[in-house]
Structure formats: structure tokens, C-alpha cells
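Number of protein chains: 2
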Amino acid sequence: MPRSRFSGSLSWPRFDVVIDMGNPSLNRTIDGFVMIGTVAAARVAAEEAYHRINHLRKGTFPGHTLHDSLKKMCKEGAYWGTIAELYVGMEYGMRRIRGKSDWKNALLGGAVIGALISVVSKNKGEKVIEDAIKGGAVATAAKFLNCAY
Amino acid sequence: MPRSRFSGSLSWPRFDVVIDMGNPSLNRTIDGFVMIGTVAAARVAAEEAYHRINHLRKGTFPGHTLHDSLKKMCKEGAYWGTIAELYVGMEYGMRRIRGKSDWKNALLGGAVIGALISVVSKNKGEKVIEDAIKGGAVATAAKFLNCAY
Numbered sequence: 001m002p003r004s005r006f007s008g009s010l011s012w013p014r015f016d017v018v019i020d021m022g023n024p025s026l027n028r029t030i031d032g033f034v035m036i037g038t039v040a041a042a043r044v045a046a047e048e049a050y051h052r053i054n055h056l057r058k059g060t061f062p063g064h065t066l067h068d069s070l071k072k073m074c075k076e077g078a079y080w081g082t083i084a085e086l087y088v089g090m091e092y093g094m095r096r097i098r099g100k101s102d103w104k105n106a107l108l109g110g111a112v113i114g115a116l117i118s119v120v121s122k123n124k125g126e127k128v129i130e131d132a133i134k135g136g137a138v139a140t141a142a143k144f145l146n147c148a149y
Numbered sequence: 001m002p003r004s005r006f007s008g009s010l011s012w013p014r015f016d017v018v019i020d021m022g023n024p025s026l027n028r029t030i031d032g033f034v035m036i037g038t039v040a041a042a043r044v045a046a047e048e049a050y051h052r053i054n055h056l057r058k059g060t061f062p063g064h065t066l067h068d069s070l071k072k073m074c075k076e077g078a079y080w081g082t083i084a085e086l087y088v089g090m091e092y093g094m095r096r097i098r099g100k101s102d103w104k105n106a107l108l109g110g111a112v113i114g115a116l117i118s119v120v121s122k123n124k125g126e127k128v129i130e131d132a133i134k135g136g137a138v139a140t141a142a143k144f145l146n147c148a149y
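Sequences listed follow chains Y and B, in order. Residue numbering for the first sequence follows the working numbering, beginning at 1 and increasing consecutively. Residue numbering for the second sequence follows the working numbering, beginning at 1 and increasing consecutively.
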């Protein structure tokens with residue numbers, strides 16, 4: 001008995017962007033900016049798409065245009081990309097200075113970036129120290145979770 | 001001419017805790033709990049120490065006892081440890097099912113954990129989806145930042 005069979009597979013889109021600045025430190029920081037900027041922009045895109053589908057289902061107007069969504073994507077992408085760029089540069093610098101690659105680089109890098117974000121957000125005094133501790137803890141936890149196995 | 005020289009070095013404390021449950025999956029999740037629980041407890045300890053030093057400098061009373069600080073450390077450690085345990089278990093499960101170790105495991109694991117935290121925090125509907133997207137993005141970014149180099 002002849003049978004018809006359908007076989008399909010869903011594959012993720014693959015984009016490779018290669019930027020060579022001729023310096024390993026600069027290459028890493030640019031790489032960090034592109035990678036994390038893309039993740040942040042993708043997060044905004046997913047959220048915006050979900051909201052639009054929700055509005056379509058309810059038959060209501062989204063309240064903001066596609067242009068607003070694209071602007072938000074670029075803004076978030078640039079913001080988180082810059083933070084990642086700084087973190088990668090700092091972690092790489094510490095690795096070179098200390099000559100070791102371990103969680104302490106992540107802790108110090110995270111603390112400096114946490115304090116920096118806090119200062120840029122116009123916080124002062126105690127809040128900056130708290131954010132530095134938080135940043136160090138988050139970076140160390142991320143390092144442990146991803147590099148222990 | 002004789003010269004006296006002082007040489008000192010500050011080394012980080014080193015604790016090795018080995019727990020063998022006889023199952024690689026269980027070992028990893030317990031390991032995740034201990035590691036991230038320790039990081040979370042250390043964060044609270046650093047914050048509390050900073051606040052105490054601040055109060056001592058100003059000559060004011062901290063407002064809460066050492067017992068309160070220890071309780072907060074245990075609570076935060078257990079909370080973040082449990083989240084890390086679930087994430088590690090989920091990521092490892094996906095790696096075994098998919099047969100691959102890449103950022104997609106982190107994305108899916110982060111999304112599930114994000115949604116779970118949201119539901120436990122008594123959020124509903126749209127907020128849960130938003131938190132799932134946020135969780136997936138954070139886990140993917142952490143994977144990229146720590147495993148790309």
C-alpha cells in the first residue's frame with residue numbers, strides 16, 4: 001500500500017557577522033556589542049510581536065506604530081550592547097593583567113559595570129555601592145552557571 | 001647595605017564542597033544550588049557589611065540585628081539556589097534531549113524559568129509571557145558573554 005509521508009524541520013536563522021579590527025581586545029568588545037545588542041533587540045522584537053498579536057486578537061489598536069517598535073529595538077540594542085562591550089573589555093583586560101581566567105575577573109568586571117550603570121542612572125552614594133555588589137554577584141553567578149559544566 | 005623587604009599576598013578563601021548523589025543530572029543541579037546559593041548569600045553578606053560599616057561611621061544604630069542579616073542570607077541563598085538548580089536541571093535535560101550544547105538550551109531554559117518565577121510571584125497573563133521573554137534573553141546573553149571566548 002503506497003503511503004505518503006511529510007517530513008519537515010524548522011531551523012533557526014543563521015547570520016554570521018565578522019568584523020576584524022586588527023586587535024584581539026577591540027575584536028572582542030565589538031563582538032560583545034554585536035552579540036548582546038542583537039539579543040536585546042530580539043527581546044524587544046519578541047515582546048512587541050506578542051503585544052501586536054494580542055491587540056489583533058482583541059481587535060484593538062496597538063497604540064504605537066512599527067516605527068516606534070523599531071526605535072525601541074535600536075535603543076535597547078545599543079544600550080545593552082554598550083554595557084556588554086564595556087564588560088567584555090574589562091573582563092579581558094583583567095584576564096591579561098592577572099594572567100588567569102576565572103570567576104574573579106567576572107566579579108570585578110561585573111562590580112565595575114554595576115557601579116557605572118548606577119552612576120549613569122544618576123544614583124549616588126549607597127545605591128552605587130549596592131549596584132556594584134549586585135553587578136558583581138550577577139556576573140559571578142552567570143560565569144559559574146555557564147562555565148562550570 | 002642590608003635592606004629589609006616585606007612581601008605579602010592576599011589570597012581568596014577556597015572552599016571545596018563535594019556532594020556525590022550518584023547521578024550526573026542530580027549532581028549538576030545540587031552543584032548549581034550550592035554555587036548560586038553561595039553567591040546570593042555572599043551578595044547579601046557584602047551589602048549588610050557595607051550598611052553596618054556605614055552605620056558605625058555615622059554612629060547610628062543599624063536597625064536590624066546580626067540574626068536578621070543571617071536570616072536574609074539564608075533566605076536569598078535558598079531562593080536563588082533553587083532557581084539555579086531548576087535552570088541547570090532544565091538546561092542539562094535539553095542538552096540531553098537535543099544532543100547539542102548551544103545557546104538554544106539557555107534560551108529555552110531561561111524562558112521556562114522566567115515564566116516560572118513570574119507565576120510564583122503571582123503574575124498572570126501578559127506579564128508571565130514578558131518575563132519568559134526576559135528570562136530567555138538574559139540566559140542567552142549570559143551564555144554568549146561567558147562561552148564565546
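If you are wondering where the hints come from, they were derived from the structure by calculation, not from laboratory data. Heads up, some of the hints might be wrong.
Below, simulated BS3-like cross-link-like pairs (lysine-lysine); rule was C-alpha separation at most 30 Å, straight line [stated by the list, open to error]:
hint: 1; chain 1: Y; residue 1: Lys100; chain 2: B; residue 2: Lys72
hint: 2; chain 1: B; residue 1: Lys71; chain 2: Y; residue 2: Lys124
hint: 3; chain 1: B; residue 1: Lys134; chain 2: Y; residue 2: Lys122
hint: 4; chain 1: B; residue 1: Lys58; chain 2: Y; residue 2: Lys124
hint: 5; chain 1: Y; residue 1: Lys122; chain 2: B; residue 2: Lys100
hint: 6; chain 1: Y; residue 1: Lys72; chain 2: B; residue 2: Lys122
hint: 7; chain 1: B; residue 1: Lys71; chain 2: Y; residue 2: Lys127
hint: 8; chain 1: Y; residue 1: Lys58; chain 2: Y; residue 2: Lys104
hint: 9; chain 1: Y; residue 1: Lys71; chain 2: B; residue 2: Lys75
hint: 10; chain 1: Y; residue 1: Lys104; chain 2: B; residue 2: Lys71
hint: 11; chain 1: Y; residue 1: Lys104; chain 2: B; residue 2: Lys100
hint: 12; chain 1: B; residue 1: Lys75; chain 2: B; residue 2: Lys124
hint: 13; chain 1: Y; residue 1: Lys71; chain 2: Y; residue 2: Lys58
hint: 14; chain 1: B; residue 1: Lys127; chain 2: Y; residue 2: Lys75
Selected chain B positions facing chain Y (Cβ under 7 Å, derived; list incomplete) [to be verified]:
hint: 15; residue: Ala45
hint: 16; residue: Glu47
hint: 17; residue: Tyr50
hint: 18; residue: Ile53
hint: 19; residue: Gly125
hint: 20; residue: Ile133
hint: 21; residue: Cys147
Predicted, not measured: the structure shown is a model, and the values here were computed from it. Just so it is clear, CB atoms sit at the ideal spot from N, CA and C, and this is done for glycine as well.
| query | When the hints from earlier in the document are held up against this structure, which numbers fail? | reply | 1, 5, 8, 9, 15, 18, 19
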